[in-house]
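Participant: Listed below are the residues making up each chain.
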Amino acid sequence: MLPKAKLWLALTVAAVSMFSTNLQAAWDLNMPQGVTQISRETYDLHMQILWWCVAIGVIVFGVMLWSIINHRKSKGAVSATFHESTKVEIVWTIIPFIILILMAIPATRVLTQAYDSSESDLDIQVIGYQWRWEYRYLRQDSLEEEVSFFSSLSTPREQISNELPKDETYLLEVDNPLVIPINKKVRFLVTSNDVIHAWWVPDFAVKKDAIPGFINEIWAIVEEPGVYRGQCAELCGLEHGFMPIVVHAVPQDEYDAWYAGRQEQAVAAQAMSNSAITRDDAMAQGEAIYNRTCLACHQAGGVGLAPAFPALAGSSVVNGDLTANIELLLNGVPGTAMAAYARQLNPVELASTLTYIRNAFGNSTGDLVQPADVNAILEAQ
Amino acid sequence: MSAAHDDHHHGPAKGITRWLFTTNHKDIGSLYLWFSFAMFLLGGTFAMVIRAELFQPGLQLVEPNFFNQMTTMHGLIMVFGAVMPAFVGLANWMIPMMIGAPDMALPRMNNWSFWILPFAFAMLSSTLLMDGGAPNFGWTFYAPLSTTYAPASVTFFIFAVHIMGASSIMGSINIIATILNMRAPGMTLMKMPLFVWTWLITAYLLIAVMPVLAGVVTMMLFDIHFGTSFFNAAGGGDPVLFQHVFWFFGHPEVYIMILPAFGVVSAIIPTFARKRLFGYDSMVYATASIAFLSFIVWAHHMFTVGMPIAGELFFMYATMLIAVPTGVKVFNWVATMFRGSMTFETPMLFAIAFVVLFTMGGFTGLMLAITPADFQYHDTYFVVAHFHYVLVPGAVFSIMAATYYWLPKWTGYMYDERLGKLHFWLSFVGVNVLFFPQHFLGLAGMPRRIPDYALQFADFNWISSIGGFLFGASQLILLVVVIKCVKGGKKATAQVWEGAQGLEWTVESPAPYHTFTTPPDPKLIHAQ
Chain A
65 MLPKAKLWLA LTVAAVSMFS TNLQAAWDLN MPQGVTQISR ETYDLHMQIL WWCVAIGVIV
125 FGVMLWSIIN HRKSKGAVSA TFHESTKVEI VWTIIPFIIL ILMAIPATRV LTQAYDSSES
185 DLDIQVIGYQ WRWEYRYLRQ DSLEEEVSFF SSLSTPREQI SNELPKDETY LLEVDNPLVI
245 PINKKVRFLV TSNDVIHAWW VPDFAVKKDA IPGFINEIWA IVEEPGVYRG QCAELCGLEH
305 GFMPIVVHAV PQDEYDAWYA GRQEQAVAAQ AMSNSAITRD DAMAQGEAIY NRTCLACHQA
365 GGVGLAPAFP ALAGSSVVNG DLTANIELLL NGVPGTAMAA YARQLNPVEL ASTLTYIRNA
425 FGNSTGDLVQ PADVNAILEA Q
Chain B
1164 MSAAHDDHHH GPAKGITRWL FTTNHKDIGS LYLWFSFAMF LLGGTFAMVI RAELFQPGLQ
1224 LVEPNFFNQM TTMHGLIMVF GAVMPAFVGL ANWMIPMMIG APDMALPRMN NWSFWILPFA
1284 FAMLSSTLLM DGGAPNFGWT FYAPLSTTYA PASVTFFIFA VHIMGASSIM GSINIIATIL
1344 NMRAPGMTLM KMPLFVWTWL ITAYLLIAVM PVLAGVVTMM LFDIHFGTSF FNAAGGGDPV
1404 LFQHVFWFFG HPEVYIMILP AFGVVSAIIP TFARKRLFGY DSMVYATASI AFLSFIVWAH
1464 HMFTVGMPIA GELFFMYATM LIAVPTGVKV FNWVATMFRG SMTFETPMLF AIAFVVLFTM
1524 GGFTGLMLAI TPADFQYHDT YFVVAHFHYV LVPGAVFSIM AATYYWLPKW TGYMYDERLG
1584 KLHFWLSFVG VNVLFFPQHF LGLAGMPRRI PDYALQFADF NWISSIGGFL FGASQLILLV
1644 VVIKCVKGGK KATAQVWEGA QGLEWTVESP APYHTFTTPP DPKLIHAQ
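Residue numbers (this note's numbering), protein chains in the order written: chain A, 65 to 445; chain B, 1164 to 1691.
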């Protein structure tokens, strides 16, 4: 082999091996067809418009290219003097107009279907928070135990900071996925608790903004069981890139079993919510919650990101009066990015988090906060 | 011309005062163009940071908060600092010469409208050094992220936007006053070069929508500092109202950045095809139609906010209609090239690339107009690819085409054609490697404005980044070409280009400091 060719081969191999770690499903070129009727029709519409554009492009750019090749001065071309033709102008106004009508008809049909969210089998409220989603299954019967939970990114921070190798579902994994039954019309009522987010699952062809003060409706009838992943689509601040959506679509009986299990868990958590916890348990659980929920703003080591996100290390609140600290965590700080956690975490989690922050990062209040302390303040409110 | 009098007004003043106190349209045009190029490099640097962070999955170089500041500042600086001032600079230089006027109608205001810009952008850029950092809520600054949840520097951002708006409004008033009052005898409206026509319409768009932008940032200011709740749902306000007001400005703004580009390309293609523009009248009407339609399509940026279906349908149909006048323009350019006698100097290369790549951006624009499909495209890299195709190989390429086209007229010397062509080809390859893969990323599901991404997006991202670095580095060639050309080179003739038509080509190169102190001979004014 020639030395030059060898060099090229070596460079190519190096380039390929450099990037081949990420090769799985890496060359997706097109929109997914998805797993709902609407998503397939959206895909068809997308392809139809794309082919129209390709056809128009081939003709227009074809004429242009032909002119560029043949009508050049270097080839002795002499410019023609033709100029203005009402007939031609009318033709190239009318034809695009007709093509647009041909595009608008199927677009209107698909949109009308996608907008019909009536007669759902199951309603789920989707609430955007900085930077996680809450799912609340709306009850048919007010006596039923409510199923609702928060869904946060579960990809370890070490993978994001390149200290650990990345999983296949890097940034697309959550602690509590949304579970829905297949072949049922599930309606999502989308809103937000703080800034505008957007709930998007490409395989369902649904994307809707989650806007504080508004409730938007979308729906999906998922036909294939599976795990479907999406992401927040509207810039919502610091961790916008880190609030994925994971939906498990399962057969009805599996769904029913999961739902019943969730209800039992809710009852159990309720029962546990006033029992005392040990310092070791509180510190361990608190650290886990801190890393999942608080770290983005207050940062590792509680150093914060001044001035928007204050440090917890040495903070006068965290080292000060416990009641004030509990109230701040429960109610947030209006007008800032500090959210109210009264609903986002249960009393055991709240107490553990407080114990952790009041005894970590060099803070040494020595407090062991109990769920009862939190409950007392919750009830007083 | 100036020999008859001998007071100091005839030549430029010496030193820095020439530039500080100048009321000369050519000096002010140069100031705008240099300023725009500086902002282009600054905004481009921010883009390089973005592409470097996105080169591989994981966070390598910057924190998410700083990444958001980069996307925000990149957008604001490119739109308000690079593209808009560049077109105002071209207008200043060329409009008086094209219509046979001695200067702009309001020269002192002209000075003022330029000189407030550096202060606005100094203030905007200084937010990067402030506690809490620069604006980090995207160049579209949706409330309440930009109000309740904004860094403290948002107030400086609001003030900077107010100043930029004032500058644009003053510039527009000046352009309209000049075009309507100062045309040479014989220069009827329908004999004006298309660049003048497109700028006349653009100036009206600016006057119509800049106050709307000022209004929306003022509402933000009140929400932040004076306890109002325009956009705060908890106080009875409406976050969607922000988007309606913003995009009522924002969509015409898109055409503000592209209509003058149409004018530039409509000047260059006939010159190098050595053939009259195919349909001048229909080009004027198409420009006016696009300007009208730009006011009734704004909510196509908001298809996912949950509008009623009647609203979605109206904005879909209205948006699709824009394809008709835009098509008329593209067909006209192609018909002008057809059976011409073409040569391919750098301005022509940029103009042809403009027609092809802008049209590709137009195609994706049409796809985005289709509401149900837009639900999949919205806020993904497909949108990023779309608007960068219309803005970079669209608006920016037209500015570069205009620079190469008129540079000999401005400096009196021919630029280095070999370097110009090198600049073109590197830019052309770079811009496509940069933005074409972003279509695929968006379709595959990558949201925009994220500092890190899932692994299936890795390959197209590194390709895009390499294209970005190539495109970014290539722009330094333009700087070299311009500096070389200012310093010297082959002497340019008055005509410069064999096929060039119009009054600006009847004066010597470089154009004298004062042109048309007496009106040009009406016989020199031809039908377009």
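Because the hints were derived from the structure by calculation, they are not lab data.
The reader is advised that the hints may include incorrect statements.
[Unchecked claim] In silico BS3-like links for lysine-lysine, alpha-carbon gap of 30 Å or less:
1) A:139 / B:1653
2) B:1584 / B:1686
3) B:1177 / A:137
4) B:1654 / A:139
5) B:1647 / A:137
6) A:137 / B:1654
7) A:139 / B:1584
8) A:151 / B:1177
9) B:1686 / B:1654
10) B:1653 / A:249
11) B:1177 / B:1584
12) A:230 / B:1650
13) B:1584 / A:137
[Stated by the list, open to error] Covered stretches of chain A, as calculated for chain B (at least 3 residues, CB under 8 Å):
14) 160–172
15) 239–251
Note that the coordinates shown come from a computational prediction; the quantities given were computed from them, not determined experimentally.
Virtual Cβ for every residue (Gly too), placed ideally from N, Cα, C.
Participant: Hint by hint, note whether the structure agrees.
Facilitator: Status of the hints after comparison with the structure:
| no. | hint | result |
| --- | --- | --- |
| 1 | A:139 / B:1653 | holds (26 Å) |
| 2 | B:1584 / B:1686 | violated (36 Å) |
| 3 | B:1177 / A:137 | violated (45 Å) |
| 4 | B:1654 / A:139 | holds (27 Å) |
| 5 | B:1647 / A:137 | holds (28 Å) |
| 6 | A:137 / B:1654 | holds (23 Å) |
| 7 | A:139 / B:1584 | holds (20 Å) |
| 8 | A:151 / B:1177 | violated (57 Å) |
| 9 | B:1686 / B:1654 | holds (27 Å) |
| 10 | B:1653 / A:249 | violated (74 Å) |
| 11 | B:1177 / B:1584 | violated (35 Å) |
| 12 | A:230 / B:1650 | violated (54 Å) |
| 13 | B:1584 / A:137 | holds (18 Å) |
| 14 | 160–172 | holds (count 7) |
| 15 | 239–251 | violated (count 0) |
Hint compliance for this structure: hints 2, 3, 8, 10, 11, 12 and 15 are broken, all remaining hints hold.
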